[in-house]
Amino acid sequence: MSYNRINERGIRRLQRMKKILLIATGGTIASKYTEYGLKPQISAEELLKYVPDAAGFCEIDAVEPFSLDSTNVCAAHWVELAKLIEQKYEYYDGFVVCHGTDTMAYTAAALSYLIQNNRKPIVVTGAQKPIDLAITDARMNLMDSLRFAAHPRAHGTVIVFGGRVIAGTRAKKEFSKRYNAFSSINYPDIAVIHDDRIVFYIDDKDQATTPLRFYHAMNNKIFLLKLIPSIDAGVLEGLMQYYDGLIIESFGVGGLPDYGDHEFMAMLEKWTKAGKLVVMSTQVTNDGSDMCVYEVGKEIKTHFPILESYDMTLEATVTKMMWVFAQTLDFEECKKLFYTTINRDILF
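All residue numbers for the sequence shown refer to UniProt numbering, where the first residue is 1 and numbers rise by one.
It should be emphasised that the hints constitute simulated quantities derived from the structure, not laboratory data.
Some clues are possibly wrong.
[Said to hold, decoys possible] Result set (DSS-like, lysine-lysine): computed pairs, CA atoms no more than 30 Å apart in a straight line:
(1) Lys18 / Lys177
(2) Lys120 / Lys205
(3) Lys173 / Lys120
(4) Lys88 / Lys205
[Stated by the list, open to error] Restraint ranges, calculated between C-beta atoms of paired labels, are given here:
(5) Tyr50 / Leu239: 39 to 47 Å
(6) Tyr259 / Tyr91: 53 to 61 Å
(7) Phe66 / Phe223: 32 to 40 Å
(8) Asp204 / Ile231: 37 to 45 Å
(9) Asp204 / Tyr259: 46 to 54 Å
As the structure is a prediction and not an experimental result, all values here were calculated from the model.
Note that beta-carbon positions come from the ideal geometry of N, C-alpha and C, so glycine has one too.
Start from the sequences and build out the full structure, keeping to the hints where you can.
And the structure:
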């Protein structure tokens, strides 16, 4: 076989390769030990040195818009990531965002709302251990993410972690230390990855025909109240002036306690009359809310203009409210947007 024929095959293989943009944002995957604990210090280019085999199936460029412990990630960073992906969208076939695990589910959900109907995959990943350790999940997660981002059937915003591909609006970190830290809540995994094989459980790229759309704003004036027994409803009084919306993480399928003083009902009336959006969620991870089951929920839903999260995750509920409020504060418009299914987030 001649050298020219070998060279031509190599050129054709490179032409078929997907072009992926790696976006490093810090997190455990890029951290090193310091006297004060783990701190992000490994650059985007250095991350790629730990997965040299990825060059066999995709071309990769790397950028690092910021480097943070994900505890410090906020809505402004989500908008920054969305704008970066928008600027680079036409030049790449897929995107991999390396991120800390603690707020990864929030970021994946936020990107699902800021970047909608993307036929190119946006993969969010990270690790429970730094990538430079001898024993770590980081190299596998990064390799799996690049492999999925380069797959022709991949689309939408997802988390790839521990061999699982999870819709960006359905992921939740359920374990603080285990390698299989994330679960898909109230929705099946999109796919699983084993070695170099991707098995799709949901292969629906051909059905994704709605035009791509980017958004550039999030309204973070959202407060989350987690109910506990004997909680004083008066805590809500002073919050109204600071927040446009309230999420109440209630017990069971949803409802508000009445300790004989009707204080929660009175506070709910104040919030709704002031034009504030109130969403009832649940502290229970699976199955979602259903406020019409018990009197403590049905009475509230009957008398006040409030919404409920149904089968949505808390992370999706929070970030969707931020996205909705950046579009409108009108209740009916908020209701319409909140109950519109985006990246598989709600099935009620």
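Asp204 versus Tyr259 beta-carbon gap, inside 46 to 54 Å or not: Because 48 Å falls inside the window, the suggested range holds.
Whether the CB-CB distance between Tyr259 and Tyr91 falls inside 53 to 61 Å: holds (59 Å)
Range agreement (Cβ of Leu239 with Cβ of Tyr50, hint 39 to 47 Å): holds (45 Å)
Consistency of beta-carbon spacing, Phe223 to Phe66, with hint 32 to 40 Å: violated (26 Å)
Verdict for Asp204, Ile231 (Cβ pair) under range 37 to 45 Å: holds (42 Å)
Restraint check for Lys88 with Lys205, where alpha carbons must lie at most 30 Å apart: holds (21 Å)
Proposed proximity, Lys120 with Lys173 (alpha carbon, max 30 Å): Roughly 25 Å between the alpha carbons, so the hint for Lys173 and Lys120 holds.
Restraint check for Lys120 with Lys205, where alpha carbons must lie at most 30 Å apart: Holds, at about 10 Å.
30 Å limit on alpha-carbon distance, applied to hinted pair Lys18 and Lys177: violated (33 Å)
Against the hints set out earlier in the document, violations occur for numbers 1, 7.
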